[in-house]
Amino acid sequence: MPDLWIIVVLIAGAASTYVWRALGVALSGRIDPTGPVFEWVGCVAYALLAALIARMIVMPVGPLEATDLGARLISAAIAVAAFFLARKNIFFGVTAGTMALIGFTMAGIRLF
Amino acid sequence: MFFSAAKEAAGMPALVLSASYVGFGSLVRESGIGLGLGLFSTLSTWALPGQVVLVELYGVGAPLLVICLAVALTNARLMPMVITLMPLVHDPAVPRWRYYLYSHFVAVTAWAFSMRRCPDMPRPLRLPYFVGFAVSLWIASLIGTTAGFLLADSVPRPITLGLVFLNPIYFMLIFATDLRHRARAMALGLGAVLGPLLHTLSHDWGLMFAGLIAGTVAFGGERLLRNRHA
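Protein chains in written order, with the numbering used here: chain W, -10 to 101; chain Y, 28 to 257.
In case anyone wonders, no lab produced these hints; they're calculated from the structure. Beta carbons: idealized from backbone N, C-alpha and C, even for Gly. Mixed in with the good hints there might be a few duds.
Said to hold, decoys possible - Some, not all, of what chain W presents toward chain Y, calculated at C-beta under 10 Å: (1) W(-6); (2) T6; (3) I42; (4) G59; (5) G86; (6) M95.
Claimed, not checked - Chain Y regions said to be covered by chain W (calculated; three or more residues, Cβ under 8 Å): (7) 158 to 167; (8) 231 to 241.
As the list claims (entries may be wrong) - Per the computed footprint, the stretches of chain W lying under chain Y, defined by three or more beta-carbons under 8 Å from a beta-carbon of chain Y, are: (9) 7 to 21; (10) 25 to 36.
Whenever a hint applies, use it, and build me the whole structure from the sequences.
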C-alpha cells in the first residue's frame, strides 16, 4: 500500500503543472497573434526554456548535484562541438555529451 | 498526419526522451516511490524538470506548499509555450474545450518540433501533427520510466547520472538548431546566462525572473533593431 502522502504530493505537483497549460489556453484567445504582446510572450517562452536548461546543467537540482560542475560544462561543450561537427546531428551531439559526462564521472575527474 | 507525426517522433526524439525518463525512473526507485506512482507522475505531469524537482523535494521531506511552489515555478514556461503554439495549431473546426485536453501534451520536444514544422503545413494538418508527435513521446516516456525503475539496481551510478544529464543536453541542442529567428535567439542566449545567475539569488523565483527579464530585453532589442533598419 503506497504511502498516502506521496499520492497527495504527486497530485498537487501535477495540478501545479497543468494549471499553466490551462491558463495558456484560456489566455491565448485574448491575445492577438499578430500583436506585440504575443511576440513578447514568445520571447519570454524561449528565455524561460533557455534559463531552465542552463540551470539544469550549471546548477542542477537532484542527482546531478553529485557530479562535478567542470565535468558538466565540458561535457555540454563537447555535445555542442559534436553537434556542429556532425552537421547539426542532434543524436550525435547528445550521445557525445552524455558519454563525456559518464566518462568523467567514472574516472572520478573533478575540475573545480 | 497523426500517424506520420507519431512515426516521426518514434525515431530519435522518442529514443532520447525515453532515455531521459530512464534516469527519472531510477530516481523514483531510489526515492522509495513505487513504479505505479512513478508512471502516474509521468502520465499526469509530463514535464521532466518539474518531476525531478518534485521527487527531490519529496525525498528531503519538504512541506507540500514548498514542493508546489517549486514545481509551479519550474514549469511556468508551459503557459507562454501554450500561448505561442495555440494560434499555430488552432483549427476552427475543433471545439474549444478540446484544447484544454491537448494542452496537456505541451512539453519541450513536441512543442519545439511543432513550432518549427507547423508553419509550412496546411492548417488542418497541424493539430494532428502536434498531437500525434506528443502521444508517441508520451508513450516513450512511460516506457523509459518503467525501464529506469526496473533497471535501477543493475545500472552503474555514472550511467544513471549520464541519463539524467542527457535531458538538458538534448533540450539545449533542439534549440541550437533553431537560431535563425533573431528575437528567439537573443531570448535563448540571455535566458541561458541569466538562468543560473538569478538561481543563485533565489532558488524559487530565479528562473521566473530570468525568463521575464531575458524575454523582455530580447523583445525590446528586436523592436529597436527593427526600427533602426526600417
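Going down the list of hints, with the structure as the test:
no. : hint       : verdict
1   : W(-6)      : holds, 8 Å
2   : T6         : holds, 5 Å
3   : I42        : holds, 5 Å
4   : G59        : violated, 14 Å
5   : G86        : holds, 4 Å
6   : M95        : holds, 5 Å
7   : 158 to 167 : violated (count 0)
8   : 231 to 241 : holds (count 8)
9   : 7 to 21    : holds (count 12)
10  : 25 to 36   : holds (count 11)
Comparing the model with each numbered hint stated earlier shows that hints 4, 7 do not hold.
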